[in-house]
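Use these hints to put chain B onto chain X, whose structure you have.
Read off the chains here:
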Amino acid sequence: MIRVEDLTIRYRTPGGEIEALTSVSFSIARGSTLALVGESGSGKSTVALAAMGILPGEARIASGKILFDGEDLMALSAEARREIRGSRMGLVFQDPFSVLNPSLKIGEQVGEGLVHKRGYTPKQALVRAIELLDEVGIRQPEVVAEAYPHQLSGGMRQRALIAGALASEPELLILDEPTTALDVTIEAQILELLETLRARRNLTMLFISHNLGVVRRIADEAAVLYAGEIVERGPTVALLSNPTHPYSKGLLAAIPRIGERKTRLASIPGRLPDLRTPPQGCRFASRCPFAQPQCAASQTLMESGARAVRCGRADALVGVPWPHLDDGAGVSEPVRRTTAEPVVMVENLTKTFTIGHAPWAFEGWRPTRKPICISPVNGISLEIAAGEALGLVGESGSGKTTLGRTILRLIELESGTIRIAGEDVSHLPQSALEPMRRAAQIVFQNPDSSLNPRKTIGDLLARPLVRFGLAPAAEVPARVKALLDLVRLPAHYQDRYAHQMSGGEKQRVGIALALATEPRFIVCDEPVSALDVSVQAAIINLLADLKDRLGVAYLFISHDISVVAHLCDRIAVMRHGEMVEIGPVDEIIERPKHAYTRKLVAAVPRVDGVSGGHPA
Amino acid sequence: MPLQLKAGLVITGVIVLLSLLAPWIAPHPWDTISMRTRFLAPNATYWLGTDEYGRDVLSRLLMGGRLSLAMGASATFVSLAIGVPMGLAAGYFRGWVDEGLMRLADVMMAIPPIMLGLLVLAVTPPALWKTAVAVGFVYIPPIARLTRSVTLSLAGEDFIQAARARAESSSYILFREILPNAWPPLIVEASLRVTYAILLGSALSFLGLGAQPPSSDWGLMIAEARSFLDRAPWLALAPGLAMCLLVIGINLIGDGARERLDPRLKARVGKVS
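Note that the protein sequences, when read in sequence, are chains X and B.
Numbering-wise (my numbering), the first sequence opens with residue 1 and increments by one.
Numbering-wise (my numbering), the second sequence opens with residue 1 and increments by one.
One or more of the hints may lead you astray.
Claimed, not checked - Below, computed lysine to any residue pairings styled on SDA-like, alpha-carbon distance capped at 20 Å:
1. B/130 to B/212
2. X/123 to X/140
3. X/455 to B/180
4. B/6 to X/15
5. X/455 to B/196
6. X/455 to X/502
7. X/455 to B/31
8. X/455 to B/212
9. B/130 to B/196
10. B/6 to B/247
11. X/455 to B/247
12. X/455 to B/171
13. X/455 to B/161
14. X/455 to B/260
15. B/6 to X/14
16. X/455 to B/259
17. B/6 to B/259
18. X/455 to B/169
In short, the hints are calculated from the structure, not lab data.
Chain X extracted, bound-state conformation (with noise of 0.2 Å):
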């Protein structure tokens, strides 16, 4: 259906030439699913872009063809390229949430491509927009037809984008990271949706992901992308179930997984080489633990079989296991373990926010407005202890982000109480809260919105050692140098600004900072969110780290499942505001007693779960 061949594209950058893609090739089979996994910077987005013809401004194709259906994309006229992409091939964004224009309908924005494509009125074409959101699984399709973006819901918002991919009746469709910005049981229903879609319609899918959990779950092949390499490829579950090359090793290596409690995940030291200047040999050998001199010379793909991997140890690799690499200092014994008395005691906490008010309406003989309210936090109540870990797991709108800041103070309560490290914060006005600021912290989702761009990593270490007065200014820079050690970052990074760091690290300064003050408490709202498979898993493994050598209590906040079994001791999920269940770590995965858990549980797509359940 469509083949790529030995593709190489550049960007221009103002620092230099980017080689974003080298020489990638690959095939889809029609009516089957190619799965592109790697990790931001991988090129798997330009991929998506060159196949389509809508690259931006800045790329330029250096070499390879895309042929599509036999025909070479690049050889054909502007006009002509529009033509198929226009009728054969569709395009699924990441973000639903961007991608719909706010000011157009639904219905006609599903429609739009049939009345300037396929010459159809407005009024068939809407008609047609109904069928296709029926075939995509929405209720009442005339209703949502007429409604516009902002009132539908994430998962709505996805399906409405795949009809609208489906109206020019494709033949491939090509999707990136169509289910990342979903929650987990909405992502499940979409990827459901793919699936009947595909038989049905024959449709030819390149999907492109960074979860391999998903990419078990829809794709019959998958193919691993590395600093613009494939670096492998095969049957998805082949693959994944038995990695030859040693990047998708440790990928898969770095992934929690439910139910299998291990101390520490395994991590991919080091960062992605520099694209300006590629290096001649293989591109992972800098960070491959199996590295030796040979791997300075170039790598080619070599396939055997069904798959193909460009290591030229593969042979000598097989079934060999990612090494458990100790990711810096030894484990040290637990110091600072002390009482049982809980460090956070939160009874009853509600935060209630206006949203909007009714319309007047007549109460007796006065007009009144009633305001709508929602509470993201209703009637909460946990506990957690010195150097307990208590995982907070809901669906984006379940108030886990409020929840985290009402206790912290940072968003003002309305009622219940809060005591941290034995004191009763909840009613005491800001100027009055020092020592609990000292003694409760928090650390960011984004690190790129957690650090202030303009001051360097020492200036914004310092500042909490000053704020607090912990250290006298002469020792201040040894303190921070301390922490940057604390967080396996070396010295000389406080002389950086955020912006020269990787996401990784600069999470690292994040936890850094948060751990100035030596705090009892450390309320983590998605630390892990933003970053790839393979830094994950060291800050992971940094923050239990700090947990056992410090004593820290956390809250951890999370959407991912997975993440949360791994390095918490306690479980609480909520919805809609409210705690639905809260239990071990065990109880709650193993034997849910709420069947929404029970729902959440279930949804998470897992690297050893289940396939798509069609043959591979």
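Same frame as chain X, but now just chain B:
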């Protein structure tokens, strides 16, 4: 360094340098009347000619540069000094503080600049510094509004929450966390305002509300040259072109600086997804 910034720095630098050194490098006295040399066209002795009192235009231009630059800089300083704190407070505290300050800005914006100048200078004798303050006052609202919108978006960033979680005072958050990040757009805006201020100041001088004869503010020079446009066009042309050059130079600096000052713009270099 972007080419724009380089070009801007060179043009503005030359003008600033020449103006500062004016008393020493001016070829002739700028204020000595000499009836014998009236209305001379540009020549070897008087490079830019002479005016109706026989004064050397080049020397007057150089001296006038100091006045125009001082006007632009001090007016912008006034609007930054008042507008930036206003905008920071409005954007960070929101609520009634925001409402109050922004309505105040609206009221200020409703007064036409020339009227304000007239008002200030009608009650007191005209002086250059008063014109500068009046002009600065006029440009408070746009500065305050820009600062407010930048603050609004920065206040949503997590590092502000982190600062609150450290129990930092509001003034620390405003001036140490937010302000350093608000500078890039503010510098661009301020450089635009410098040029507007020079033009408005010149306009006020042209109307007789700013610099007074015999001083050689560029606006005033153009005003005086107006009656002799047919006989001696170089009288208006020289200060006009000088003002153009200065305005272009400062604008180039502003645009170039924006690119250089934003660390996130730099961070984007070399990232592909």
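Structure-based check of each hint:
1. B/130 to B/212: holds, 12 Å
2. X/123 to X/140: Holds, at roughly 18 Å.
3. X/455 to B/180: holds, 9 Å
4. B/6 to X/15: holds, 19 Å
5. X/455 to B/196: Cα-Cα ~33 Å, so violated.
6. X/455 to X/502: holds, 16 Å
7. X/455 to B/31: violated, 51 Å
8. X/455 to B/212: Not OK: residue 455 of chain X and residue 212 of chain B at ~47 Å, beyond 20 Å, violated.
9. B/130 to B/196: holds, 17 Å
10. B/6 to B/247: Given pair residue 6 of chain B, residue 247 of chain B holds - Cα atoms ~15 Å apart, limit 20 Å.
11. X/455 to B/247: Since the Cα atoms of residue 455 of chain X and residue 247 of chain B sit roughly 33 Å apart, the hinted pair is violated (cutoff 20 Å).
12. X/455 to B/171: The given pair, whose Cα atoms are some 17 Å apart, holds under the 20 Å limit.
13. X/455 to B/161: holds, 16 Å
14. X/455 to B/260: Holds, at roughly 16 Å.
15. B/6 to X/14: At roughly 17 Å apart (the allowed maximum being 20 Å), residue 14 of chain X and residue 6 of chain B satisfy the hint.
16. X/455 to B/259: holds, 18 Å
17. B/6 to B/259: OK: residue 6 of chain B and residue 259 of chain B at ~12 Å, within 20 Å.
18. X/455 to B/169: Roughly 18 Å between the alpha carbons, so the hint for residue 455 of chain X and residue 169 of chain B holds.
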